[in-house]
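Student: What follows is each chain in one-letter form.
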Amino acid sequence: MTGMANTVFSSRAHIVGGDNTADHAPKAPVEEALTTVLANDWINDEYKHLVVTASPKSLAARPGQFFHWLCPSPDEGDLWLRRPQSIYRVDRERERLEFLYKCVGRGTNGAATLKPDDKFNMVGPLGVGFSLQPDWKDVIVLGRGVGLATLAPISQMIAENNVSATVILSARSPELAMSGDLFEKAGADVVTVTDTDGTSAVENVESIIEDRVAHGRADAFFTCGSNRLFMLMKRLGTKHGIPGQVAMEQIMACGLGPCYVCVRTFVIGGEKTLKRVCIDGPVFDMQEAMGW
Amino acid sequence: MTGMANTVFSSRAHIVGGDNTADHAPKAPVEEALTTVLANDWINDEYKHLVVTASPKSLAARPGQFFHWLCPSPDEGDLWLRRPQSIYRVDRERERLEFLYKCVGRGTNGAATLKPDDKFNMVGPLGVGFSLQPDWKDVIVLGRGVGLATLAPISQMIAENNVSATVILSARSPELAMSGDLFEKAGADVVTVTDTDGTSAVENVESIIEDRVAHGRADAFFTCGSNRLFMLMKRLGTKHGIPGQVAMEQIMACGLGPCYVCVRTFVIGGEKTLKRVCIDGPVFDMQEAMGW
Amino acid sequence: MVDLSVKIGDFEMANPVMPASGTFSPEMAQVIDINRLGATMTKTVSRELRDGNPPPRVAEVECGMINCIGLPGKGIDYFLTELMPEYLQFSPPLIVSVTSTTEADFAAMARDVTVPGVKALEINISCPTRDPNGGNFALHAEHTAETVRGVRAATDLPIFVKLSPNAGDVVGIARAAEEAGADALTVANTILSMRIDTHSFKPSLGFKTGGMSGPAVKPIIMRMVYQISKAVSIPIIGCGGIVKAEDVVEYMLAGASAVQIGYASFRNPTAMISIIGDLEEWCDRRGIARVSDLTGAVQDDMETDTYIAAAAGI
Amino acid sequence: MVDLSVKIGDFEMANPVMPASGTFSPEMAQVIDINRLGATMTKTVSRELRDGNPPPRVAEVECGMINCIGLPGKGIDYFLTELMPEYLQFSPPLIVSVTSTTEADFAAMARDVTVPGVKALEINISCPTRDPNGGNFALHAEHTAETVRGVRAATDLPIFVKLSPNAGDVVGIARAAEEAGADALTVANTILSMRIDTHSFKPSLGFKTGGMSGPAVKPIIMRMVYQISKAVSIPIIGCGGIVKAEDVVEYMLAGASAVQIGYASFRNPTAMISIIGDLEEWCDRRGIARVSDLTGAVQDDMETDTYIAAAAGI
Ligand SMILES: Cc1cc2nc3c(=O)[nH]c(=O)nc-3n(C[C@H](O)[C@H](O)[C@H](O)COP(=O)(O)OP(=O)(O)OC[C@H]3O[C@@H](n4cnc5c(N)ncnc54)[C@H](O)[C@@H]3O)c2cc1C
Ligand SMILES: Cc1cc2nc3c(=O)[nH]c(=O)nc-3n(C[C@H](O)[C@H](O)[C@H](O)COP(=O)(O)OP(=O)(O)OC[C@H]3O[C@@H](n4cnc5c(N)ncnc54)[C@H](O)[C@@H]3O)c2cc1C
Ligand SMILES: Cc1cc2nc3c(=O)[nH]c(=O)nc-3n(C[C@H](O)[C@H](O)[C@H](O)COP(=O)(O)O)c2cc1C
Ligand SMILES: Cc1cc2nc3c(=O)[nH]c(=O)nc-3n(C[C@H](O)[C@H](O)[C@H](O)COP(=O)(O)O)c2cc1C
Ligand code: FES
Ligand code: FES
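Protein chains in written order, with our numbering: chain D, 144 to 435; chain P, 144 to 435; chain Y, 22 to 335; chain E, 22 to 335.
Hints were generated in silico from the structure; no laboratory data involved. Bear in mind that the values here come from a model prediction, so they are computed numbers and not experimental data. Treat each hint with caution, since some may be false.
What the hints assert, rightly or not - On the chain E side, residues computed to face chain P include the following (Cβ under 10 Å):
#1 G202
#2 P236
#3 K265
#4 T325
#5 Y328
#6 I329
#7 A330
For each residue, glycine too, the CB sits at the ideal point set by N, CA and C.
Please take these sequences and the hints and turn them into a complete structure.
Tutor: If you want it as structure tokens, here you go:
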């Protein structure tokens with residue numbers, strides 16, 4: 144550009160999509176990276192499936208971790224904060240990251256405008272993800288809605304660790320019961336319950352879980368996406384002394400820990416305390432987390 | 144878009160390129176219109192030639208009038224004010240407007256990113272243009288730089304009114320001496336003077352003008368784009384009692400009259416006064432205008 | 022179909038949208054149908070001819086602009102004889118904005134413009150482009166009160182007092198204006214700002230500083246409208262950064278009865294007309310019967326316990 | 022190659038860029054090399070544990086964000102024993118930001134954090150998220166002066182006083198801080214703002230109001246830096262809306278010796294590091310030998326005659 148007098152932005156811009164992503168700290172585990180979009184397709188009326196290129200740092204993402212998206216604008220305005228999205232699948236072979244996201248507002252509707260070859264700025268991998276303890280051999284995964292996206296990479300984790308699982312996918316209707324394919328590939332026992340056929344009722348889900356517990360097939364619980372189902376699992380966890388993990392959400396700014404925007408309440412030893420979803424979580428101990 | 148809670152911009156946006164251009168006042172002479180770009184090509188290292196579709200209102204544009212452009216952004220920021228650009232050519236047959244603009248800053252560099260089929264929001268036609276008096280049969284047009292774009296439509300005006308003209312195009316180098324073709328087509332006597340060969344020196348231009356004056360071929364003067372040349376013409380106008388018009392520039396906001404951003408100083412009857420370039424001009428009486 | 026009409030005390034408008042002073046003139050008829058506005062508003066009128074400040078008079082900034090126009094104008098006599106008739110060609114009620122440098126003359130100005138055709142006065146005690154210290158009488162409660170008292174005694178027209186966002190205690194000043202007899206408060210004028218050109222190292226404005234307007238100021242003025250509406254019982258006119266119908270809604274929820282639009286008309290001369298149309302559509306979609314029902318309708322009974330709020334759904 | 026080092030009084034920095042309090046923690050090492058910053062800065066430390074305000078704690082607005090964090094933290098003892106060592110892992114000089122609710126305790130806090138490793142104190146008397154009336158001691162010159170005097174008596178460390186842009190007379194308050202012994206002024210904290218969600222009709226923030234930061238505030242804070250730099254002789258740290266190297270240059274031209282960056286790190290965690298690099302490039306391109314030469318280098322001897330200025334070229 145010639146003669147850039149009076150410019151508002153005139154140097155390399157540190158803004159949406161700007162290539163501000165040279166490796167600023169080689170030893171740091173997280174990076175601000177400009178990915179390239181490979182696919183961004185609707186998988187049903189509400190969700191899109193995004194596939195982007197990934198660097199070695201982002202390929203180290205663990206199940207339950209998230210990336211912080213600098214979404215393009217869906218309208219004539221601009222977006223000024225990032226949006227957190229948990230990783231749906233890490234494809235280490237083809238060096239790709241996959242996300243499953245629901246289009247709900249400006250950020251996600253902005254992301255929905257991305258086309259193959261577009262650049263997409265994201266920061267990650269962030270936060271504390273799900274983990275397996277060595278003595279967990281058979282676990283129960285229960286999710287609903289957006290939570291199914293967050294739980295999906297547990298399928299990779301159980302496959303890699305030779306853990307069996309019952310996976311209960313709850314959804315309004317069958318086409319919204321996402322991630323089942325990934326868990327089936329991982330050899331899990333997938334049960335889909337829906338509002339359409341009434342199987343998603345808490346009592347039914349409870350009896351499915353109780354059945355697995357009774358058969359000694361519940362070393363740990365994992366959940367995300369529904370307060371009702373979280374409360375159920377927490378209750379059954381207390382009742383049977385089964386440990387569990389839940390992925391929580393909160394509105395975020397920095398995504399890295401400094402700003403204290405993303406706090407949620409936890410109860411630890413009877414005391415209420417605040418933790419940051421972005422760095423203390425998003426995955427928390429199920430017994431310490433509170434319903435929302 | 145679904146569930147637009149918490150949105151910053153959620154209705155039809157009244158911002159760059161937004162289609163905010165329904166005819167809001169059928170009887171008004173000016174409109175905010177969303178044109179379609181037909182071409183936007185470099186004609187030399189500094190200037191681009193823009194062709195857009197035009198409505199009947201904008202086709203009524205007179206030489207010296209301007210349009211107020213809502214330029215797209217050239218960078219990661221946004222543009223918040225319009226940029227004035229005078230009309231280069233009104234193509235009434237093909238219903239097109241043409242502009243010749245120099246890329247100097249964010250606005251014009253933003254305009255430079257426009258591609259055919261892009262939408263481009265402009266307000267116009269605006270201001271007071273050049274005019275011919277019935278007794279002007281042979282006139283002198285003198286311009287330089289960006290001024291050549293502003294003077295160009297005088298070629299249409301003289302052709303339509305059967306007026307002869309001497310057109311002196313001053314430029315750093317021959318390839319920057321734009322608009323000559325339009326004037327030649329209009330039958331004008333085109334003289335190109337350049338810095339490269341030294342012919343653009345004031346003395347030389349002065350002798351060309353004096354020659355036309357001596358031959359009775361200077362009923363009126365028109366100029367734009369160079370203070371030095373304006374001062375020359377003004378001096379010769381005073382000396383020989385020849386009327387003249389000059390197109391002036393000033394930074395603008397509204398472009399329509401209300402804001403008083405675009406004032407310049409004029410001397411009328413010995414008294415200094417301020418006039419608005421956007422609505423009292425941009426074309427002013429040469430004897431009232433001051434050098435800049 | 023929503024009823025778009027609103028009242029600012031006794032001042033009635035067909036819809037809540039009017040231009041902000043200094044950003045509108047009858048010359049806007051070049052491009053919009055002025056009769057569709059809720060009201061018309063003059064450029065601020067001073068006693069004598071004023072040249073205004075040295076150009077450049079505008080600087081573009083992120084999310085808006087800074088101006089240092091400096092209240093130019095040909096004085097009140099010229100206004101009354103030459104400009105008033107231009108404004109009175111249009112049907113919306115006319116508001117005349119006046120300013121002065123002394124309290125006594127403010128009252129005299131108010132008296133002078135109390136003539137047939139004028140439906141309300143806006144008292145501009147807050148222009149930061151005349152005084153770089155940030156805005157005249159409206160920086161102090163006492164000066165505000167004295168000025169308004171004088172004006173109140175001089176006219177029976179509705180008095181809208183335009184406050185300054187550069188004041189520290191804008192709520193106290195709003196209260197002072199109310200007590201002194203203001204019929205409504207325009208919240209607010211521009212925010213004193215500056216830009217320096219990093220190419221030339223010079224201030225981008227000829228007057229060095231100027232007043233910022235546009236979307237950048239909206240959250241600040243929104244907070245002021247909200248705070249003031251809790252403190253006074255006279256109507257408020259929200260002004261600052263409106264570029265779309267939702268911005269009008271937001272100001273009304275915060276407590277405004279009507280709004281003024283400035284910057285948006287520079288970016289899109291048709292903005293006010295579009296916004297009126299969009300507002301109508303927005304209300305119809307939401308099933309709102311009267312746009313005036315939005316005034317103060319913010320639901321601000323928030324949870325105050327951090328632990329409870331931090332355990333709620335998003 | 023430009024010399025990027027600057028001094029704020031006796032406080033030396035390798036480059037003029039440091040994080041703004043509350044937007045930085047050692048956790049940033051997840052993504053950037055903290056050792057490249059000009060200084061490090063703690064989140065504001067309070068005496069006791071504070072929970073902070075109810076969520077939502079952030080709202081996105083045009084050109085920035087509003088936060089209502091409310092200064093949460095585990096108190097000074099936890100800070101000194103647990104957090105300080107984390108900060109001290111890094112080489113840039115550490116500034117500790119402290120706040121309190123009484124003047125006496127402010128001094129005590131200053132004494133308590135005057136420990137090895139701490140190179141300067143920032144006195145946060147201006148947080149609008151703790152007090153919705155807009156920012157504590159920094160709203161009044163007397164309170165500012167008393168607080169600073171107490172702190173001055175309590176420590177030999179350089180004292181940076183963080184001012185409030187919500188004050189009406191920010192220049193007077195700056196002078197009061199200088200007279201009371203401040204070594205530098207941080208201009209400024211966030212601007213009290215509000216957003217209402219037009220979908221839910223609720224305030225977007227759990228605390229209703231909060232402090233705005235980001236590019237929207239830059240022209241306002243720029244004006245304050247400029248005005249204050251004409252009125253005081255101690256150094257100024259510019260803070261508000263910096264997202265690129267030119268913004269740093271602009272603040273320095275206006276009178277700042279160094280700058281703080283907050284919002285930009287949320288949008289781009291690598292922003293500070295990029296900006297340092299870009300600033301170096303910018304200076305080299307302009308042939309600037311020392312970045313500190315930019316401080317106060319604005320060329321503000323403007324033409325004051327409107328007619329002459331309006332006859333000049335653009
Ligand atoms: C750690 C984490 C992981 C997530 N993973 C996924 C995922 O894999 N797939 C997916 O579809 N969504 C996920 N979300 C939710 C996603 O972040 C939000 O849907 C998104 O931020 C909404 O942005 P928006 O601009 O489109 O919506 P907005 O217009 O901002 O808001 C629309 C709705 O989304 C809510 N919302 C806004 N911000 C957040 C937020 N940070 N977290 C949760 N809800 C929010 C709003 O309160 C509102 O109800 C995750 C959230 C978190 C915190
Ligand atoms: C009535 C009128 C007609 C014009 N016609 C033409 C034309 O036909 N072709 C053409 O190339 N240019 C024309 N100009 C000039 C054109 O408006 C500016 O070049 C343009 O606004 C610069 O915008 P920018 O954002 O690219 O530059 P900026 O980055 O804003 O500024 C770059 C340079 O341009 C100057 N500038 C900024 N705004 C204006 C302005 N409104 N007028 C003049 N200079 C300005 C600045 O002072 C600076 O020196 C005209 C100007 C006016 C007032
Ligand atoms: C160019 C310009 C001129 C202005 N002149 C005046 C004026 O004469 N009197 C006044 O009270 N306010 C004046 N203002 C302030 C506006 O009336 C309004 O308060 C401000 O622009 C905020 O609204 P906006 O963000 O919609 O522009 C002016 C504003 C601008 C931009
Ligand atoms: C999330 C957040 C938390 C903040 N916390 C503090 C704080 O604890 N102490 C303080 O002095 N300022 C605090 N601030 C204000 C910043 O330090 C800074 O003054 C402001 O954000 C302006 O800079 P910016 O526009 O670069 O963000 C905070 C700002 C944000 C956005
Ligand atoms: S989002 Fe900033 S601490 Fe979690
Ligand atoms: S640009 Fe507004 S009056 Fe000319």
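Student: Find the hints from earlier in the document that the structure breaks and name them by number, from lowest to highest.
Tutor: Hints 1 and 4 contradicted; others consistent.
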